[in-house]
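*Asks:* Whole structure, please, built from the sequences with the hints as guidance.
In case you want the letters, here they are:
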Amino acid sequence: MQGQSQQQAYDRGITIFSPDGRLYQVEYAREAVKRGTASVGIRAEDGVVLAADKRARSPLMEPESVEKLHKADDHVGVASAGHVADARQLIDFARRQAQVNRLRYGEPVGIETLTKSITDHIQQYTQVGGARPFGVALIVGGIENGEPHLFETDPSGTPYEWQALSIGSDRSDLREYLEETYEEGLTTDEAVGLALDTLARSNDGELSPEGVGVATITVDDPEYAERPTDEIEAVLEERDLLPADEDEADGESDGE
Amino acid sequence: MQGQSQQQAYDRGITIFSPDGRLYQVEYAREAVKRGTASVGIRAEDGVVLAADKRARSPLMEPESVEKLHKADDHVGVASAGHVADARQLIDFARRQAQVNRLRYGEPVGIETLTKSITDHIQQYTQVGGARPFGVALIVGGIENGEPHLFETDPSGTPYEWQALSIGSDRSDLREYLEETYEEGLTTDEAVGLALDTLARSNDGELSPEGVGVATITVDDPEYAERPTDEIEAVLEERDLLPADEDEADGESDGE
Amino acid sequence: MQGQSQQQAYDRGITIFSPDGRLYQVEYAREAVKRGTASVGIRAEDGVVLAADKRARSPLMEPESVEKLHKADDHVGVASAGHVADARQLIDFARRQAQVNRLRYGEPVGIETLTKSITDHIQQYTQVGGARPFGVALIVGGIENGEPHLFETDPSGTPYEWQALSIGSDRSDLREYLEETYEEGLTTDEAVGLALDTLARSNDGELSPEGVGVATITVDDPEYAERPTDEIEAVLEERDLLPADEDEADGESDGE
Amino acid sequence: MQGQSQQQAYDRGITIFSPDGRLYQVEYAREAVKRGTASVGIRAEDGVVLAADKRARSPLMEPESVEKLHKADDHVGVASAGHVADARQLIDFARRQAQVNRLRYGEPVGIETLTKSITDHIQQYTQVGGARPFGVALIVGGIENGEPHLFETDPSGTPYEWQALSIGSDRSDLREYLEETYEEGLTTDEAVGLALDTLARSNDGELSPEGVGVATITVDDPEYAERPTDEIEAVLEERDLLPADEDEADGESDGE
Amino acid sequence: MQGQSQQQAYDRGITIFSPDGRLYQVEYAREAVKRGTASVGIRAEDGVVLAADKRARSPLMEPESVEKLHKADDHVGVASAGHVADARQLIDFARRQAQVNRLRYGEPVGIETLTKSITDHIQQYTQVGGARPFGVALIVGGIENGEPHLFETDPSGTPYEWQALSIGSDRSDLREYLEETYEEGLTTDEAVGLALDTLARSNDGELSPEGVGVATITVDDPEYAERPTDEIEAVLEERDLLPADEDEADGESDGE
Amino acid sequence: MQGQSQQQAYDRGITIFSPDGRLYQVEYAREAVKRGTASVGIRAEDGVVLAADKRARSPLMEPESVEKLHKADDHVGVASAGHVADARQLIDFARRQAQVNRLRYGEPVGIETLTKSITDHIQQYTQVGGARPFGVALIVGGIENGEPHLFETDPSGTPYEWQALSIGSDRSDLREYLEETYEEGLTTDEAVGLALDTLARSNDGELSPEGVGVATITVDDPEYAERPTDEIEAVLEERDLLPADEDEADGESDGE
Amino acid sequence: MQGQSQQQAYDRGITIFSPDGRLYQVEYAREAVKRGTASVGIRAEDGVVLAADKRARSPLMEPESVEKLHKADDHVGVASAGHVADARQLIDFARRQAQVNRLRYGEPVGIETLTKSITDHIQQYTQVGGARPFGVALIVGGIENGEPHLFETDPSGTPYEWQALSIGSDRSDLREYLEETYEEGLTTDEAVGLALDTLARSNDGELSPEGVGVATITVDDPEYAERPTDEIEAVLEERDLLPADEDEADGESDGE
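Chains as they are written, first to last, in the UniProt record's numbering: chain L, 1 to 256; chain G, 1 to 256; chain R, 1 to 256; chain F, 1 to 256; chain D, 1 to 256; chain Y, 1 to 256; chain E, 1 to 256.
In case anyone wonders, no lab produced these hints; they're calculated from the structure.
In this text the structure is predicted, and so the values were computed from the model without any measurement.
Each hint should be verified, as a subset may be incorrect.
With a straight-line cut-off of 20 Å between C-alpha atoms, the simulated DMTMM-like cross-links for lysine to aspartate or glutamate are [stated by the list, open to error]:
1) D/Lys34 x D/Asp221
2) D/Lys34 x Y/Asp20
3) G/Lys71 x G/Glu179
4) D/Lys71 x Y/Asp120
5) L/Lys71 x G/Asp92
6) F/Lys71 x F/Glu183
7) G/Lys34 x R/Glu27
8) Y/Lys71 x E/Asp120
9) Y/Lys34 x E/Glu112
10) R/Lys34 x F/Glu184
11) D/Lys71 x D/Glu237
12) Y/Lys34 x Y/Asp74
13) L/Lys71 x L/Glu210
14) G/Lys71 x G/Asp92
15) E/Lys34 x L/Glu210
16) F/Lys34 x D/Asp20
17) E/Lys34 x L/Glu112
18) R/Lys71 x R/Asp20
19) G/Lys71 x R/Asp120
20) E/Lys71 x L/Asp120
21) G/Lys34 x R/Asp46
22) D/Lys71 x Y/Glu112
23) L/Lys34 x G/Glu27
24) G/Lys34 x G/Asp170
25) E/Lys71 x L/Asp20
26) D/Lys34 x Y/Glu27
27) E/Lys71 x E/Asp20
28) R/Lys34 x F/Asp20
*Replies:* Put into structure tokens, the structure is as follows:
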């Protein structure tokens, strides 16, 4: 209770530090990310893979309208976890930045450049008052100069590059699994399998083909492409991840 | 009480997250939606149906002045639940967006495009301080490229596409009923019947013809059209939903 | 007391919802309306009637300076209840809107159009911070395309159309009386009588000719006209509503 | 104490209503008016009279520098009670409005028109935050189209027309006296006498010639004119209102 | 304590009235004035005298840098008491106003006109939030059309004209002394003596020549002139106001 | 505790006075000044001397980077105490003012003029909200028209001229010492010695040559000049102020 | 607890001082710096060395994406500790300043000039409300006119020049070590070794080559250059700083 009221003294806004130098509102925004369903990103030898748990809240909801995977530019995709509406704002920002880059320099924006323009935008919402931080994390993946790249943005506005990562619910479990199983030199197709294996772990080991989204961008064909449902179903079947009774696959919702 | 005061520490504004990553003001705005009478949307094979409980507070009030159904553009209708005055602001916004689209691109705005411009507008009111979130949910339905579409907007600014849904009071009951009874391949007329069946469930199984509104937009004739009262009465009679004594049909009011 | 302090947590501003989705400041503004003397509006077959209790606080105050009835345009009148100074702001707004309509479209503004421009203006004061809601309700009556129309605006910014209504003190009593006695097909003169009957009910059954205002706009002569005092006196006498001793007719004041 | 703390919850700003629909800050501003010395206005058959208690705080203070009577335009005078500095702001506003009217329409501003432009200005300070209401009431008197008019403005921004009124300290006593003694058809000179009789009642029945100000505007000569001290002394003597020992006539000060 | 906490509820800002209509922040600013050393103004037959206690805090401080007397224009001087830095802001404002008057009308600004432009400026800081009131009072003295004038401004923004007055510490004592001793028809030189007599009363009856400032503006030579120290010393000696041991004359400091 | 909580009610911002007319935030800013190491200024017959304790926090820190002495213009130097970063803002402001003066009038800015433009700038931060006062005091010294001048600015924005003064830690001790030892007619070199004597008193009577800064501006050569370390060392040795073991001369740090 | 609540009264914003003249929010920002991993800067005879602990949080994270070393201009590097996102804002600011200098003056910006433009920018965030201070410290190192320079910026906005320093976690330990071991006249290569020795002390005496970054700028070749991992590994091996089992080298993370 002491700790509780102590904490409450410093967690009402982003414009104050706590005595130990923490920004509680940014930490709470990270909790908002954890309330969202998981997304996974994997950098393969020849491309990047983005996968997202996009289970619908109801059988009447169109699964494809659950926005977890986004095309930011031809060569860049984004997977999100947390507040869907906040994610949309950042994706719009990213798309405009990508367009501006093409207009100004006549070439596709770099993956790191794009990520950092997003995180610099996010940082503003952690220092200047009158608004709250973004309650969303993003995985930004794409091809730059023939090389696959995979970045993370978090609510503090810090960019990090990863070989493989997960964001959203069950983050530490999934990361641990990735650390154990990820190997350099994976093909994109192998990475798709690993991504689905990982996602399934926050889902009782099962995934319905409609409840999951997978996008890839490869070095050979650097165009953002979402995998069709039947293709996903085939991979899930191959890996024995299909639910026993697929009709029950409506469960936990996204965290907004 | 602990929980109570704990919650109160974080629910006074939209610019702060709670320690578990929630935005209480957005959740309270969802309560404002639940205080409004129910609206229902159903996507049929050949069109979309919007229906709304629009009972008047007094026999002297003109039922048609209870604004629950709105024409956003020729091919798009909107049903609302919650604060009427807030709904009007969003409808005005939607109409301007639709007009701008016609002027700029010479064609009707897409249903998803329109919905997302509304939800992006709503999101701003959940992140930047100085105002409250919109206390209203919308069902946006229309025809795009010959296909019927049905979307939902909520106070967080998240867009979802549905085959059939309800918003406002008794939401979970009505959704459950829709999940049980909705079937793909319904005709628009069958969908009108199902919509009225559903609405009647939040009304003791009865609806007065003046107390309900029904609008349809069909693929063959993509023009927003509100059904005349006598036509509604015929359907209600056919389905045995007319009140025993119609004069008593003034009850619960809209939630503002 | 629990409820009391619970309520106090959410009623200090218009930018926060209470946990059950209410806007207390808007509800309190409705209380401000109830503190004002009553006004009544009735739609007749051939016109609209606006009547208002405008008793002066002192025999030395000029009754005609108690502003309860306002001409918004040639064909539109407004009766108010609540804060007089707030009412004046909205009337000024309405007049400007009516003028703009004439300049832009060369024709008188529609009654519904005008009402909704007022309510949209009111809504802003319920969502954006830095100001309080308007503490006033209006009855907007007029002739549009040869048809009489009667609308209400309340502090939430919701517009409703009525056949007959009252606003201000004793609202539910007067409404009940109107629901019992109002009949479609009344002439304007009959409606004047009914309006005075109704008003008298919040006044111990008596009205002094100087303490009441009556305005009519008829289909045949769509010009806002306030009835002269002697004409009102004649109606009051005919209906036996004159006070036994007229000199005592200074009582309750308007609620500001 | 319950009532006390209850009230304190809603009286810290003009942007919130209390649960019973009151604006406490406006009511407190009315208390500021009552702290000021009294002013009286009387409408005569052939003119208007403004009179004000302007006792100085010290025999070394120049009585004419106690600002209670103000010329707003040739044909309009203003008497104030309450915060002197606030009064000056409103008088300046009134003078500018009167000038603008002459420039725009080539004629003197109407008394009602001028009063309402002042009250509309005052209303803004009761609805929009960031400032306090004006702590002053005004009596606006003048000649319009050959007719004398007398209006009141209060801190809520409500305009009222009176035959005779008082503002400031002892308001209800003085009003009662005016209601008993005022008669229609008074000449301006008779009204001056009545005004001084009334003012003397908040002063132990005595007034020193230097401690009171009287201004008149008559139909025949519609020019604001302050009566000279010797003329006032003559009237006071005639009515037996001179203090027994005039040198002691420094007492209560204005309420700022 | 009840009164204490009662008061604290309303004294945190200038934008709220207390329940009894007071502006506590303005009253507290008056306390800031009282913390400053005294200044005195006297209107003589043929000029005005401003005198100020300007004792230095240390023998190493230059007494002439203690700013209590200011030239606002050739024909206008100002004596201040309270916050020195606040006084400087108002003096700068006064100087600009005086310059503007000369440029616009080609003549020196009137003393009353200048005073009222200062008080109107001060009033703004008592009504609009975001700043505090000025913690300073001024005596504005000068010659206008061959007549000497002496005005006071206080933190509320009220202007008053005086024959003789004091501001700052020991105000009521000094005022009482002035009321007893001031006589009309004094020459400027006699007024200088009276001013020093008065000031000495808040200083144990003694003044050091360096610790006091005297400025005069006479009808014959309407130019602001500060009296040289030796001249002041002569007057002090004549009136037996010199300290027994002049070296001890460093005591109380100005109130900032 | 009573006094404690009493004080806390009024010390949270610069826009409120306490009941006794104090501005606590300005007083707290003065405490910030006292937390800084001492600076001394002395006006000699033929120049001004500025000296500052600029001990480094670590032997690895470059002593010359401890900013206590600043050149504001060729003929003006400034010594500071308190927040170094705040001092830099004011120095920048002073330099711009000095430049503007040269451009506008073609001559060096006066020392008093420059000081007062700084204090007027400081005053703004004590009256208008949204920022804190400057936590720094300055000694401004220079030559104007062949005369040396020495001014002080404090956090309230009050300018004072001194013959000799100290700011920062141990202020009253050092001032007392200066009052005892300062004599008019000192040469600049004698003043350098006195300044170092004074500074040493807040340092256990010892100063290391690197831990102290001395700047002079003389009438004969009105150019700001900082004395080289060896020259300072010579003076310190002559006056027996060198530390017994110079290597230990890292102690107390500047107060930010 | 007394001290605790005492402190809490003044630590909620940068616009208030505590009674003892401290800015708690700036002190808390310094705590945020201490939460970050350590960085070290050393000025050698012929260059400057920047070294940073940049251990990744996971073996899947790319170590080079942990941003602790930044190139600000060809001849200037920056090492940071604390909030990575805040550091990025300041680096961007520094880069723009460096570019502006080149454009305006046609030459590289001075190291001190650049540092001070950064600290002046930081100071604004400690005085004006509506934002929080920067939670980051920087070491700015580079070559100016053939001389190496090393500066520090802290959250208060104070610039200091150092021969050698550390920022971030374990600051006082590392500084103590540097004070004991640093000697003037080191070569850049020797300084690299000392920097790694120092960094290893906050890491149990071990550093993995990938978890540390080293940049140098030398007088002979004033170009910012990061040392390749194999070169770092060689130095670590030579100094026996390599971890026993390098695979375990993921531990403590950066402090955001």
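*Asks:* Given the hint that F/Lys71 pairs with F/Glu183, test it: the Cα-Cα distance must not exceed 20 Å.
*Replies:* violated, 26 Å
*Asks:* When you check the alpha-carbon spacing of G/Lys34 and G/Asp170, does it fall within 20 Å?
*Replies:* holds, 7 Å
*Asks:* Verify the proposed pairing of D/Lys71 with Y/Asp120, using a straight-line Cα cut of 20 Å.
*Replies:* holds, 17 Å
*Asks:* Regarding the pair G/Lys71 and R/Asp120, is the alpha-carbon distance no greater than 20 Å?
*Replies:* holds, 17 Å
*Asks:* Tell me if the straight-line CA distance from R/Lys34 to F/Glu184 falls inside 20 Å.
*Replies:* violated, 35 Å
*Asks:* Is D/Lys34 within 20 Å of Y/Asp20, Cα to Cα?
*Replies:* Satisfied, since the Cα-Cα distance of roughly 9 Å is no more than 20 Å.
*Asks:* Given the hinted pair D/Lys71 and D/Glu237, is their Cα-Cα distance within 20 Å?
*Replies:* Answer violated: D/Lys71 to D/Glu237 is near 27 Å, above 20 Å.
*Asks:* Quickly compare the C-alpha distance for R/Lys34 and F/Asp20 to 20 Å and report which way the hint goes.
*Replies:* holds, 9 Å
*Asks:* Would the hint linking G/Lys71 and G/Glu179 be met if the CA-CA limit is 20 Å?
*Replies:* Violated - the C-alpha atoms of G/Glu179 and G/Lys71 are around 27 Å apart, more than 20 Å.
*Asks:* Hey, L/Lys71 versus G/Asp92, does the alpha-carbon distance stay inside 20 Å?
*Replies:* violated, 30 Å
*Asks:* Are the Cα atoms of F/Lys34 and D/Asp20 separated by 20 Å or less?
*Replies:* Judged against 20 Å, a Cα distance of about 9 Å means the pair holds.
*Asks:* Can you confirm whether the C-alpha distance between Y/Lys34 and Y/Asp74 stays at or below 20 Å?
*Replies:* violated, 29 Å
This entry does not satisfy hints 1, 3, 5, 6, 9, 10, 11, 12, 15, 17, 18, 21, 25, 27, going by the numbered hints stated previously.
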